[in-house]
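Letter by letter, the chains look like this.
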Amino acid sequence: MSRFEVRHRDGLARHGIYTIGDRTIETPCVIDPIAVFPDLASRPFSNIPLQADEAFVKEWFEKSGEEPIPVHPVLSEGISSGDAAIISCWHTALTNPRTYADWVEQFISTLPPDAARYAPASALPSNAAMLVATGFDLFDTIAVDLRASQGLFCTPEGVYPGSWIDEGVCSCPGCQSGELREHNRQALVSEIRLAAALLKRGELRELLEMRCRSDAAMVAILRHLDSRKAFLEGNTPIARTTPFRAYTAESMNRVEIDRFEKRVMNRFSQDRWDVCVLLPCAARKPYSFSQSHKKFQEAVAGRAHEVIVTSPLGVVPRELELIYPAAHYDVPVTGYWDREEMHILTGYLAEYLRTHPYRRVISHLEGGASSVARSAASEAGIQLEESCIDGRPTSRESLNQLYDALAGERKRSHDIISGTIQWQFGETIDTKGMLIKGKGPEKKIYRGRQQLFSFDPKTGLLRPTFEGWSLLSGCYQVRIEGFVPQGDILAPGVAEADPAIREGDEVLVYGEGVRATGRAMMSADEMRRSSRGVAVKVRKVKRS
Amino acid sequence: MVLMVSRTVEKPLASWMGEDRIEGEVRRTLTIILKSGGCRWNRCRMCGYRFERYHTMDKNELTERMLSQINWIEGNYRSIDYDAVKIFTSGSFFDQDEVPLEVRDRLGKLIRGKIVIAESRAEYIVSPEISSFLDLIDCGDHEMPLYVAIGLETTDDRIREKCIDKGMTFGDFVRAAKTADEADVGVKSYLMMKPLFLTEKEAIADMKTSIREAAPYSDLMSMNLCTVQKRTDLEYYWKRGAYRPPYLWSALDVLLSTDENVSCDPVGGGFARGPHNCGECDREIKKAIDAYSLSYDRSLLEAVFDTECACKEEWRYVLEHEMPWCMPLTR
Chain F
1 MSRFEVRHRD GLARHGIYTI GDRTIETPCV IDPIAVFPDL ASRPFSNIPL QADEAFVKEW
61 FEKSGEEPIP VHPVLSEGIS SGDAAIISCW HTALTNPRTY ADWVEQFIST LPPDAARYAP
121 ASALPSNAAM LVATGFDLFD TIAVDLRASQ GLFCTPEGVY PGSWIDEGVC SCPGCQSGEL
181 REHNRQALVS EIRLAAALLK RGELRELLEM RCRSDAAMVA ILRHLDSRKA FLEGNTPIAR
241 TTPFRAYTAE SMNRVEIDRF EKRVMNRFSQ DRWDVCVLLP CAARKPYSFS QSHKKFQEAV
301 AGRAHEVIVT SPLGVVPREL ELIYPAAHYD VPVTGYWDRE EMHILTGYLA EYLRTHPYRR
361 VISHLEGGAS SVARSAASEA GIQLEESCID GRPTSRESLN QLYDALAGER KRSHDIISGT
421 IQWQFGETID TKGMLIKGKG PEKKIYRGRQ QLFSFDPKTG LLRPTFEGWS LLSGCYQVRI
481 EGFVPQGDIL APGVAEADPA IREGDEVLVY GEGVRATGRA MMSADEMRRS SRGVAVKVRK
541 VKRS
Chain G
1 MVLMVSRTVE KPLASWMGED RIEGEVRRTL TIILKSGGCR WNRCRMCGYR FERYHTMDKN
61 ELTERMLSQI NWIEGNYRSI DYDAVKIFTS GSFFDQDEVP LEVRDRLGKL IRGKIVIAES
121 RAEYIVSPEI SSFLDLIDCG DHEMPLYVAI GLETTDDRIR EKCIDKGMTF GDFVRAAKTA
181 DEADVGVKSY LMMKPLFLTE KEAIADMKTS IREAAPYSDL MSMNLCTVQK RTDLEYYWKR
241 GAYRPPYLWS ALDVLLSTDE NVSCDPVGGG FARGPHNCGE CDREIKKAID AYSLSYDRSL
301 LEAVFDTECA CKEEWRYVLE HEMPWCMPLT R
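Chains F and G are the protein sequences, given in the same order. Heads up: the first sequence begins at 1 in this note's numbering, then just goes up one per residue. Heads up: the second sequence begins at 1 in this note's numbering, then just goes up one per residue.
Bear in mind the hints are in silico, worked out from the structure with no lab data behind them. You may find that some hints are simply not true.
Which residues of chain G face chain F? A few of them, derived with a C-beta cut under 10 Å, are [what the hints assert, rightly or not]:
1. Met144
2. Arg158
3. Glu202
4. Gly241
5. Glu314
6. His321
7. Pro324
8. Met327
Computed list of lysine-lysine pairs in PhoX-like fashion (alpha-carbon distance at most 25 Å, straight line) [unchecked claim]:
9. F/Lys542 - F/Lys444
10. F/Lys200 - F/Lys294
11. F/Lys540 - F/Lys443
12. F/Lys439 - F/Lys294
13. F/Lys58 - G/Lys11
14. G/Lys201 - F/Lys63
Ideal Cβ placement from N, Cα and C applies to all residues, glycine included.
Using the sequences and the hints, build the whole thing.
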C-alpha cells in the first residue's frame, strides 16, 4: 500500500509526496525503480506494448497486486487512490505525438488524480519538462544511462556526442571526473528539479516552450495537446500570480487565452454601452496605468466603452483588464504582426463584435491591430469608424480626432464589478449602490457599510464575502457532508462540487449548519475523484 | 482469356542454390519456395508468407499452377548440380489442401535420390503421408533421405502462444517428431529468436532453453533470427517502436552457449528490419555465422564475439536493463 498526495498543480503537472513503506519521495522525482518497487524485478514475459489492441490486452494483461500497478491505454481501471501507476513502455510514445496526446488525455481523465504516475525509461534532460508537464511524477535513469552506454552526452537542449564532456559546457561533478553516466544523471536530476521549481511557481509552460525545441516530435505533442481545449481547460488554474510570457508561436494557443476570450464572448456583456472605441494595448499592465492609456481615457472621457485589441489575448474590455492573464502577459513587441497572429485575433474580435452589438465602433488603432479591426468589422458586417489619422494613436492629432468623434455621446463609467462577476461567475448582478473603496492594490466593494467583495490584487478576481455570495445564485459551490470544517476542506469530505470550478476559483462551501468561503485548490473533477489533498483552502467559516 | 492465364508459366516464389551442412557434410542445396494454396493456420504474428499464396482457386487450377512451378524447376536446375533440396511453402508441404497430392508426387519423382527437407506444421506430419513421400524420393543412397522441418519456434508454450500465436504446443511437436522417427524420417526443428513481446535477455534465455529441450527430438536444428516482414502484426509494432529485431550479438551468445550444432542464416542481417547491431560490425558477424553454419567451427564465432565494437556496451546495457515494462530500449 502506498500514498500519494498532490501539493501543487500547474496544468497537468503536479508536485506531490509519494509514500511507500518507510520511503517518502517528493515528486516529480528520479527514482531507482527496483529499489522503490522490488516487484518490478520479477515480472517476466509480461510485456504488453502500449500500441496493443483491446483483444490482445484483455487476453494477456497480467494484473499485479504490488506497486507499481500496470495500466494500459485500453485498460486503465484497477488503480486506486494512493497507488503508483506504471505506464509501461511510455518511452515508445514519445515518437508518436498524436497518440501521445491521446493517451495523456486518456490517462489523466481516467486514473485517480491522487495516484502517482511512473513513466519508465523515458526521461532525458531534454524531454523531462514535457513529461512533467504531461502529468508524470516518477522517472528513472534508464534512458540517460542508456545514452551513456552509447557514448552520448545529454543536456536539456538535446543529446550530443560524448566528447562534449571535455568541451566545458557543463561543470557538474560527472564532467569534472570525466564520467559520462554521472553527468547524464546529474543533468536529468537538475532538469527535473528545475521543472519542479517552476511548476510550483506556475511557470512550467514557459520552460516547456523552451525545451520542446530540441525535438520536432515534442513541438508536435505540445500542439496536439493545445488543440484539446476542453480537456486542458478543466485542468488549468483559473489564474496565476506569475507572468504569462507569450514569447513563442505556441503561446498563441495556450488554453488560458482561449478561456479568457470565451468568457469575454459568452459571459461578459457590455450592457449599457452603445459606443465602442478599440484601443491599442500597452506594455504596462494593467493598461490604464500606462501613459498612453491615460491619454486615451482623457480623450474618450467616459463617452465610449473602451475595448483593447491586443496580441495574444485578442479582446480585453476595460472592465477585465485586471484579470489573469490580461494583467500578466508579456509579448515581444516589434510592430510587426504575423499573419497567423492577425488571423487568430481577427477571429476573436469579429466574434466579439457579433456577440456585443454597438451603435458605433471607432478604431483608434494603427498597424497590425488596425488591420485586425478592419477585417473583423467586415467579417462581422459592421461599419468601422477610424480616429487614428497619422498612424500614431497617442499623437495630439489622433487624440483630438478621437475626442471630436465622441462629441455628443453620453458619459458613463466602466462597471468593473459587474464585468468581473460576469467573467468570473457567469452571472449578472445588480451593482447599483456598490462602491469600490480603498486605494492601492487592496480594493474592497461595499454596499452601504456591508462589505460584499474584495479584489485579489494578484489575479484580478473577486473574493465574495458571505453577503457577496448571497447575491449569486448558487454557482461555484462545494457541498460537504458529515463534518464541520476545522480548517481546510479535504477532497474526501467533498460530496458535490459545481463542475465549473477550477483550481484557484473562489468557492462557497456549504454543509449541514455550516458555510465557509475559500479558494479551490483543485478542480471540481479532481475533488470528485480524489481521496486525498486539500480541496478548498478555507478563509472564513460560519455556523448557522 | 481464363485459359490463357492458367497456361502461363508459373515460377516458384523464389529458388536458389546454396550450401548446407547435413549429416556432417557440406551439401549443395537447392532451396525452393513454392507458391501454394496457403497456410491453413495463417495466424502467426511475424509471418508475412501468408500473403504469398493463390487465393480462391479450385483444386484443379491450384494443381495445374503448382505443377507448372515444378516444371519450371525442372527446366531451370540440373539435377546433377545439387545434393539436397529444401522445400518451403507458405505453410505445410504435407497439407494436401495446400499442396495437392499430385504436386507432391510430381516433385518427389523429380528430386528422387536427393536429401529432402520439407517444411510442415506438426499436425500434417502423419505417417502415411510422410512415408509415401519418403518412398518416392528414397533410392537408398542416404541414411536419412527425408527430413520434415517443423517450426517449433520455442519450447515454451506460453511464449509460442502469446508472442507467435502458433496454435501448437511443444507436446504436438514431440508427437510429430515421434511419428517422423517411427517412419525413419528425420526432424529439423526451426527455432525463432526473439518473437514479439520479449526483452533481449528473455529472448536469449528462451533460445538457450529451447535448444536444450528440442535437441532430443531433433536431427537438425536451425535458429531463425526474427525479421520484420511486411503487413504483419510484428511490422505494426515495429513501426511504432514497440519491437526491435534481435542483436547479432545475442545470436552469437546463443550459438556459443550450446554444444549442439545449430545452424543459423541471419536473413536481413544488418538491416533495420532484420537482426542487427549498430551497422559497423554487422557484416563481419553475419559472415561468421554463415561460415559457422557450414562448419560448426566455434572459433569463427568466438573471433567475432571477442571483437569490441562501440555498440557492444549498448547491448550489454540492454541485456541488463531492458525489462518487459520498458522495452525495446533501442531501435
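**Prompt:** In ascending order, which of the hints set out earlier in this document are inconsistent with the structure?
**Reply:** The structure conflicts with hints 1, 10, 13, although it agrees with all the remaining ones.
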